[in-house]
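Chemist: Next come the chains, spelled out residue by residue.
4 protein chains.
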Amino acid sequence: MGRVTPKEKTTAVLLFSCKDRIGLVSRLTQLVYEDGGNILDLNEHVDPVEQMFSIRIAWEMSSSSKEPSELGDIFKPLAEEVNATGEVHFLEEKTRTAIFVSKYDHALQEILWRQKMNEFPVDIALVVSNHMDLKDLAAHHDIPFHYHPKTKETRLEQEQNELALLKEYDIDTIVLARYMQILSPVFVQEYQNKIINIHHSFLPAFVGSNPYKQAFQRGVKIIGATSHYVTDDLDEGPIIAQDVIRISHKDTLKDLIRKGRDLERLVLVRALRTHLEHRVLVHGRKTIVFE
Amino acid sequence: MGRVTPKEKTTAVLLFSCKDRIGLVSRLTQLVYEDGGNILDLNEHVDPVEQMFSIRIAWEMSSSSKEPSELGDIFKPLAEEVNATGEVHFLEEKTRTAIFVSKYDHALQEILWRQKMNEFPVDIALVVSNHMDLKDLAAHHDIPFHYHPKTKETRLEQEQNELALLKEYDIDTIVLARYMQILSPVFVQEYQNKIINIHHSFLPAFVGSNPYKQAFQRGVKIIGATSHYVTDDLDEGPIIAQDVIRISHKDTLKDLIRKGRDLERLVLVRALRTHLEHRVLVHGRKTIVFE
Amino acid sequence: MGRVTPKEKTTAVLLFSCKDRIGLVSRLTQLVYEDGGNILDLNEHVDPVEQMFSIRIAWEMSSSSKEPSELGDIFKPLAEEVNATGEVHFLEEKTRTAIFVSKYDHALQEILWRQKMNEFPVDIALVVSNHMDLKDLAAHHDIPFHYHPKTKETRLEQEQNELALLKEYDIDTIVLARYMQILSPVFVQEYQNKIINIHHSFLPAFVGSNPYKQAFQRGVKIIGATSHYVTDDLDEGPIIAQDVIRISHKDTLKDLIRKGRDLERLVLVRALRTHLEHRVLVHGRKTIVFE
Amino acid sequence: MGRVTPKEKTTAVLLFSCKDRIGLVSRLTQLVYEDGGNILDLNEHVDPVEQMFSIRIAWEMSSSSKEPSELGDIFKPLAEEVNATGEVHFLEEKTRTAIFVSKYDHALQEILWRQKMNEFPVDIALVVSNHMDLKDLAAHHDIPFHYHPKTKETRLEQEQNELALLKEYDIDTIVLARYMQILSPVFVQEYQNKIINIHHSFLPAFVGSNPYKQAFQRGVKIIGATSHYVTDDLDEGPIIAQDVIRISHKDTLKDLIRKGRDLERLVLVRALRTHLEHRVLVHGRKTIVFE
Numbered sequence: 001m002g003r004v005t006p007k008e009k010t011t012a013v014l015l016f017s018c019k020d021r022i023g024l025v026s027r028l029t030q031l032v033y034e035d036g037g038n039i040l041d042l043n044e045h046v047d048p049v050e051q052m053f054s055i056r057i058a059w060e061m062s063s064s065s066k067e068p069s070e071l072g073d074i075f076k077p078l079a080e081e082v083n084a085t086g087e088v089h090f091l092e093e094k095t096r097t098a099i100f101v102s103k104y105d106h107a108l109q110e111i112l113w114r115q116k117m118n119e120f121p122v123d124i125a126l127v128v129s130n131h132m133d134l135k136d137l138a139a140h141h142d143i144p145f146h147y148h149p150k151t152k153e154t155r156l157e158q159e160q161n162e163l164a165l166l167k168e169y170d171i172d173t174i175v176l177a178r179y180m181q182i183l184s185p186v187f188v189q190e191y192q193n194k195i196i197n198i199h200h201s202f203l204p205a206f207v208g209s210n211p212y213k214q215a216f217q218r219g220v221k222i223i224g225a226t227s228h229y230v231t232d233d234l235d236e237g238p239i240i241a242q243d244v245i246r247i248s249h250k251d252t253l254k255d256l257i258r259k260g261r262d263l264e265r266l267v268l269v270r271a272l273r274t275h276l277e278h279r280v281l282v283h284g285r286k287t288i289v290f291e
Numbered sequence: 001m002g003r004v005t006p007k008e009k010t011t012a013v014l015l016f017s018c019k020d021r022i023g024l025v026s027r028l029t030q031l032v033y034e035d036g037g038n039i040l041d042l043n044e045h046v047d048p049v050e051q052m053f054s055i056r057i058a059w060e061m062s063s064s065s066k067e068p069s070e071l072g073d074i075f076k077p078l079a080e081e082v083n084a085t086g087e088v089h090f091l092e093e094k095t096r097t098a099i100f101v102s103k104y105d106h107a108l109q110e111i112l113w114r115q116k117m118n119e120f121p122v123d124i125a126l127v128v129s130n131h132m133d134l135k136d137l138a139a140h141h142d143i144p145f146h147y148h149p150k151t152k153e154t155r156l157e158q159e160q161n162e163l164a165l166l167k168e169y170d171i172d173t174i175v176l177a178r179y180m181q182i183l184s185p186v187f188v189q190e191y192q193n194k195i196i197n198i199h200h201s202f203l204p205a206f207v208g209s210n211p212y213k214q215a216f217q218r219g220v221k222i223i224g225a226t227s228h229y230v231t232d233d234l235d236e237g238p239i240i241a242q243d244v245i246r247i248s249h250k251d252t253l254k255d256l257i258r259k260g261r262d263l264e265r266l267v268l269v270r271a272l273r274t275h276l277e278h279r280v281l282v283h284g285r286k287t288i289v290f291e
Numbered sequence: 001m002g003r004v005t006p007k008e009k010t011t012a013v014l015l016f017s018c019k020d021r022i023g024l025v026s027r028l029t030q031l032v033y034e035d036g037g038n039i040l041d042l043n044e045h046v047d048p049v050e051q052m053f054s055i056r057i058a059w060e061m062s063s064s065s066k067e068p069s070e071l072g073d074i075f076k077p078l079a080e081e082v083n084a085t086g087e088v089h090f091l092e093e094k095t096r097t098a099i100f101v102s103k104y105d106h107a108l109q110e111i112l113w114r115q116k117m118n119e120f121p122v123d124i125a126l127v128v129s130n131h132m133d134l135k136d137l138a139a140h141h142d143i144p145f146h147y148h149p150k151t152k153e154t155r156l157e158q159e160q161n162e163l164a165l166l167k168e169y170d171i172d173t174i175v176l177a178r179y180m181q182i183l184s185p186v187f188v189q190e191y192q193n194k195i196i197n198i199h200h201s202f203l204p205a206f207v208g209s210n211p212y213k214q215a216f217q218r219g220v221k222i223i224g225a226t227s228h229y230v231t232d233d234l235d236e237g238p239i240i241a242q243d244v245i246r247i248s249h250k251d252t253l254k255d256l257i258r259k260g261r262d263l264e265r266l267v268l269v270r271a272l273r274t275h276l277e278h279r280v281l282v283h284g285r286k287t288i289v290f291e
Numbered sequence: 001m002g003r004v005t006p007k008e009k010t011t012a013v014l015l016f017s018c019k020d021r022i023g024l025v026s027r028l029t030q031l032v033y034e035d036g037g038n039i040l041d042l043n044e045h046v047d048p049v050e051q052m053f054s055i056r057i058a059w060e061m062s063s064s065s066k067e068p069s070e071l072g073d074i075f076k077p078l079a080e081e082v083n084a085t086g087e088v089h090f091l092e093e094k095t096r097t098a099i100f101v102s103k104y105d106h107a108l109q110e111i112l113w114r115q116k117m118n119e120f121p122v123d124i125a126l127v128v129s130n131h132m133d134l135k136d137l138a139a140h141h142d143i144p145f146h147y148h149p150k151t152k153e154t155r156l157e158q159e160q161n162e163l164a165l166l167k168e169y170d171i172d173t174i175v176l177a178r179y180m181q182i183l184s185p186v187f188v189q190e191y192q193n194k195i196i197n198i199h200h201s202f203l204p205a206f207v208g209s210n211p212y213k214q215a216f217q218r219g220v221k222i223i224g225a226t227s228h229y230v231t232d233d234l235d236e237g238p239i240i241a242q243d244v245i246r247i248s249h250k251d252t253l254k255d256l257i258r259k260g261r262d263l264e265r266l267v268l269v270r271a272l273r274t275h276l277e278h279r280v281l282v283h284g285r286k287t288i289v290f291e
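Residue numbers (my numbering), protein chains in the order written: chain A, 1 to 291; chain B, 1 to 291; chain C, 1 to 291; chain D, 1 to 291.
One should not assume that every hint holds.
[Claimed, not checked] Restricting the straight-line Cα-Cα distance to at most 25 Å, the calculated cross-link-like pairs of lysine to any residue (SDA-like) are:
hint, chain 1, residue 1, chain 2, residue 2
1, C, K286, D, Q214
2, B, K250, C, T10
3, D, K250, A, N38
4, C, K19, A, S62
5, B, K213, A, S62
6, B, K259, C, R246
7, B, K259, D, K254
8, A, K286, B, Q160
9, B, K259, B, N193
10, D, K250, A, L266
[To be verified] Beta-carbon label-pair distances, calculated as ranges:
hint, chain 1, residue 1, chain 2, residue 2, range
11, D, D170, B, Q192, 53 to 63 Å
12, B, R246, D, H131, 47 to 57 Å
13, A, Q192, D, E168, 36 to 46 Å
14, D, D133, A, A139, 51 to 61 Å
15, D, R246, A, L137, 48 to 58 Å
16, C, Q192, B, K135, 41 to 51 Å
17, B, R285, A, P185, 53 to 63 Å
18, C, T10, D, D133, 56 to 66 Å
19, A, E81, C, H140, 55 to 65 Å
What the hints contain is simulated information worked out from the structure, not anything from laboratory work. The beta carbon of each residue, even a glycine, is placed where N, CA and C say it ideally should be.
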């Protein structure tokens, strides 16, 4: 579990999930306690339909006898016994993240500004784009910018270049910040529940392209934005965050795009924050977000 | 235009719509002025795409030389000249309204309570249902309750009975307050833009039946409700009002239904209020709501 | 802890709070586990400023060896050791509740309707009022109605009658559903963190009387409602729930009152639900609400 | 009325306000019509308490016989007759605006980004600050930055320098984008209803300094931000826009500040947009915002 380095990791987070059974919270918290950990925040959820157990435990681990890189080991025997998936992270560890963009700057701007404000533990290590428009913005923040134009013919080959690049940069998480290209199943497979997209509608309303135009033509009174993990089914991935804004007959398509930009920015960073703070568990098509 | 009776009508409302051209506001307000009317509230909108002109004028008409029933006449020549649709109403006139229900009481309860509080100018003259469940509730409010069960075979015939009943009761507006039957095109044709439905989802997401179940299974983070005029296309009518509420992984299907009930009630009465105050104009699939 | 009766109690809830120390979650969940309990929902919070530990554990206890009335005993030794306050409740147990009203019916109506829908475990056992207006409403729901008019001179004496009445009816929780009287410290003392009020403003804005008029005169663009536990300081008690609604220059004072009614109803029942589901802990002036 | 230059002004806006009387809309729209104007958007409001008439008319004036700079003349006789205040503006004309800041960058960043996106007709001509922190940000956008430190002793003198500077730069509107200094009555007098402030609370709750700390200590469940015109009474000016965000017991003071930043940015730019589009009329302590 969890890739960690030894210095200044003091707040550990466990995400742990398995079929529900009696005694799990007790045993997990006992393991934390025996290692000297003081629990700061704990959220547990049992899905009453699926009988799935999910937990997030955050604890102060500075008195631990373990090296951070070995902290996950204390949960391994239990995880194996109950056939659980589990990860240990540290809130002080910045997740290495790549941002994929096309031409719009607002979502990238927002993430970069949040990074500067230290709003969440992120290390924006790379910007990839199929257009040159945002090269200067990346440069202004001293972030490597890679131009990867794509055509129908070159798409799959380009993706191989991108996968190599992501490996080179040791990227853990990818954010599609209004990236106007569909990723192939091969690519998605490599970053399961690690690619966060922002779709500019209140999913499942207005899937596909031009959702604002669809919304305008339908005459809805509220528009939305949805951030989700990317899966092979376009716009069908597990939803992490959504929000909406009121519109009226006075709003033109241009107004919808303008109002939507604010939503997109805020919903994407909200989803990104919960991801970076290790608050999200994925079960099938759905997420559990321990806020 | 506008069905009116002579006493105590003092606040007139004009809804007027046509292809945009220069001078319309000036001419309409001149007509009001010449008749001694003092404008209290005016909203005008020109659709920049369709070049459609829409206006709502509310004015104090107690100094008018006209009988209320003839007030609409002053706009007729202009309406004919510019090929406009127009209606004159009075805010003091209560719209005779029928509520169609099935088994759920919450939307009906809410409307009855609002009527009692005089929150909008409505006269609930009739309750029609395909079930007996809400007979007592109607009786408690001294409102005639008509039981019209429907099967596939009897549906169209029942609708004819209902149309006769609506005529008998002089009904202007119909509210489908969680009525679990689809109305036939013949029926809808008789009450164009006069039948208000509440759909328990954020349309166009989750059309059709069981929207809460669909929402639960999709794992959305927000659910909604939509009130719209009924057209021949199910869930496709012009939207009058929408609202949403936040949900989380903790919410079971039962919780969605409970939270949704609050939305349904509030969205339906909001739509009903704007309709009863003559604030809604329909253009094709869309509404203009002068709030 | 917790008053319980033996039959059909299966979902137990522990609320437990003390100065934070290492190992508390582990020990508490161990106690649940040893008694055969299966944890369904657990929320823990450590206040980083005050170093206060708070937890809510909900568990399935049908395999417990204990009688429900004795279930609380298993936490007593630990509670004494760490100087904690703790309560055990059962989600199936309906809290005996009295509603205090004056003339407005909307908040009472709403609570009665929720009770009928089984939205939360409540037993409305008594309505007390300083006016006769809502006697019929209580009667319609077969709830005893007690008329307790109050003047400056009779207030304290009346409160003694009320306290006797509350005891007689075995009342646990009191809801002030737009009750237009201030309760004396003597009365409040008897029902600490058991009296829930709804104030018709976004506290601490517009304390005292006529908050809608204050809001109207100040020209705010949003109005609110606040539900809180009653303390000796008027409008200063720990806040349980708040919500707001947008207004504009078009809204008259009457519109504010109308819009506010919807808020008051919904905020009060939200607060009441969290209270009845034993989700609220009070620390000083503030609440922890485990939603 | 209205400072205008001759080229490319095609959408005119009239803001007009006086004691209500019969015929005003008719006469105003007649004047627009006679000058060849085609009305695109009209909002009228009569305050039922104060009997004040307010109107905003937006019209296409390219067929006007008037120079833009003389367009206001057509309303002058009527304005004088009815003792009205009135202004004519052009939506294509960018308002010369100065931003006053201290150390926080978020509000300034947001406004600059909106300007770049052409979201509203603004010309940020000047940044003034009592600190050097944001000099580079202004420079990056090629905007003159003036450092005006203030002490108790130098404050009034500095303000005189600022007033001279504002005149030199031909500034119409001033935005206090988290500017941590109080302006003197002398200064405010020069820019009546032209200085827009953002206060980081839901006014009138938490006036004065450290509103987030006050909110944290009070234990509110929602925090807000308020944008208002600056008057001599601190935090008492006419409110233009407000919004709120939900918080919980989990949010630390640091979280409130972080969440509040998003509110502050969005509420300030919403207020600024309505101001720049000439949608705001001030009556005493209150605003009419024609949205």
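Chemist: Would you mind marking each hint as holding or not holding in the structure?
Modeler: Outcome of the hint check:
1. C:K286 <-> D:Q214: Within the cut-off at roughly 12 Å; holds.
2. B:K250 <-> C:T10: holds, 19 Å
3. D:K250 <-> A:N38: holds, 17 Å
4. C:K19 <-> A:S62: holds, 20 Å
5. B:K213 <-> A:S62: violated, 45 Å
6. B:K259 <-> C:R246: Holds - the C-alpha atoms of R246 of chain C and K259 of chain B are around 20 Å apart, at most 25 Å.
7. B:K259 <-> D:K254: violated, 31 Å
8. A:K286 <-> B:Q160: Measuring from Cα to Cα gives roughly 46 Å; hence the hint is violated.
9. B:K259 <-> B:N193: violated, 28 Å
10. D:K250 <-> A:L266: Holds. K250 of chain D to L266 of chain A sits at ~20 Å (cutoff 25 Å).
11. D:D170 <-> B:Q192: 53 to 63 Å: With Cβ atoms ~56 Å apart, the hint holds.
12. B:R246 <-> D:H131: 47 to 57 Å: The hint (47 to 57 Å, Cβ to Cβ) is violated, given that R246 of chain B and H131 of chain D are roughly 39 Å apart.
13. A:Q192 <-> D:E168: 36 to 46 Å: violated, 60 Å
14. D:D133 <-> A:A139: 51 to 61 Å: violated, 23 Å
15. D:R246 <-> A:L137: 48 to 58 Å: Roughly 32 Å apart at Cβ, these two residues miss the hinted range, so it is violated.
16. C:Q192 <-> B:K135: 41 to 51 Å: The hinted range 41 to 51 Å holds for Q192 of chain C and K135 of chain B, with Cβ atoms some 46 Å apart.
17. B:R285 <-> A:P185: 53 to 63 Å: Violated, since R285 of chain B and P185 of chain A (Cβ atoms, about 37 Å apart) do not stay within the stated range.
18. C:T10 <-> D:D133: 56 to 66 Å: 60 Å Cβ-Cβ, so the 56 to 66 Å window holds.
19. A:E81 <-> C:H140: 55 to 65 Å: holds, 58 Å
Checked against the numbered hints given earlier, the structure breaks hints 5, 7, 8, 9, 12, 13, 14, 15 and 17 and satisfies all the rest.
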